[in-house]
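S.K.: As they're listed, the protein sequences go chains A and B.
FYI, in our numbering the residues of the first sequence are 1 to 214.
FYI, in our numbering the residues of the second sequence are 215 to 428.
The hints are simulated quantities; they were obtained by calculation from the structure and are not laboratory data.
Ideal placement from N, C-alpha and C gives every residue a C-beta, glycine not left out.
Hints are all accurate, no fakes.
List of simulated lysine-lysine pairs, BS3-like, C-alpha gap at most 25 angstroms: (1) B:Lys403 / B:Lys290; (2) B:Lys380 / A:Lys76; (3) A:Lys189 / B:Lys380; (4) A:Lys189 / A:Lys76; (5) A:Lys189 / B:Lys352; (6) A:Lys166 / B:Lys290.
Residues on chain A that point at chain B, a partial pick, calculated with CB under 10 angstroms: (7) Thr10; (8) Phe47; (9) Ser123.
Across the chosen pairs, the derived CB separations fall in these ranges: (10) A:Pro20 / B:Ser426: 21 to 29 angstroms; (11) B:Arg330 / A:Gln71: 16 to 24 angstroms; (12) A:Asp19 / B:Pro401: 29 to 37 angstroms; (13) A:Pro187 / B:Lys380: 19 to 27 angstroms; (14) B:Asp237 / A:Pro20: 44 to 52 angstroms; (15) B:Trp397 / A:Val185: 21 to 29 angstroms; (16) B:Pro404 / A:Ser57: 27 to 35 angstroms; (17) B:Ser426 / A:Lys166: 32 to 40 angstroms.
2 protein chains.
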Amino acid sequence: MELDRALYTTRAMRRVRPDPIPDAEVAGILDAAVRAPSGGNSQNWRFLTVTDVNVRSRLAPVYREAFAILQETVYKDAWARAQDIGDRSALAVQRSSAWLAENFEQVPLWLFAYSRNDPSGASIYPAVWSAMLAARGKGIGSCLTTILGFFRSEETAAILEVPLDKGWTLNASVSFGYPLGNWGVAPRKPVEEVTFADRWGNPVSWRSHPPSFD
Amino acid sequence: MELDRALYTTRAMRRVRPDPIPDAEVAGILDAAVRAPSGGNSQNWRFLTVTDVNVRSRLAPVYREAFAILQETVYKDAWARAQDIGDRSALAVQRSSAWLAENFEQVPLWLFAYSRNDPSGASIYPAVWSAMLAARGKGIGSCLTTILGFFRSEETAAILEVPLDKGWTLNASVSFGYPLGNWGVAPRKPVEEVTFADRWGNPVSWRSHPPSFD
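Chain A on its own, in the form it takes in the complex (with noise of 0.2 angstroms):
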């Protein structure tokens, strides 16, 4: 898989089949993210990986509780706003949370990924997104979630039997799977948009070029 098609076409893919990953498969991916790297090569990661059906099926409830209250609280407001406004784009967002919230244990790898002594996110974010990335390369589907970690994390850790009192956080629960949908480049704002030269407002003297995928 070349660099850019991997960057460009990792979207959100939630809706996966319940086929398994092979182990191969799953030693790529984990081995990727750990060539990220972390403030001072401190590498103070910890990744499970579940597979075992038991586990997934005693997380899944806890995972639609917390996706509960997320929907009524963080997105609330956006939601009901989409909804009035028929934003076609944050609906589809919207169903296949709901989607993955009710699949939870068809998924058949859940990534938890937990880190220490990383205050911002920014060590143990890249490894994350590496392993996307790498099970991109390998037709692999993959989604990132933080609910867990905002709420019911102390649940999630009871189930995977993390020692939460050594400090450890959950900084990311990944879904992985086979795609039910097709790889494609996602809608953004143009990057023009989003960028400034040299000060806050100064815009930038460059247009982006983005390749083309098919």
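Starting from the structure of chain A, add chain B where the hints point.
M.R.: Frame of chain A, contents of chain B only:
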């Protein structure tokens, strides 16, 4: 550039030449960055590309102050210990970090990544890491630093004219330049030591077989 090569060999590349990075490459780096997923596809980010030598010269002493604080606080014990036990890897990180601080204004491109409503960092760091990977594909080295977010963030924002009162937070200051050193796979703990299967402490059944790059 092949995806795996980028994922394995994009290590912190602090020592770079002062040669400017062409606008087309800067555009490509940023355009790749904004393709990364963000929570609810919110894209709550702004990127500042600093190439103006006057702006770099004003930021340099601020960065050096922040770096001095880091050395005297967060890294004090770790670096003293590295000296005591002769940890060559840690001492090399220390030396190249000091090089970056001393040569701040010689680095041809600094990328400042700001976000808001992203308390975990899960939305901004994939974009930042994509920028670094895209740069690697163009033969451009980079290093993610967070210290200006922790120390001297107000002075930095004042120079860059960032409206902090609008809720923007500095997540990363990333150096970019053509490398003085060589690309290579950075040493890491074996992935099997930092990954568990289904519950904390339970070893994975697979062994990784990292690709080799010449």
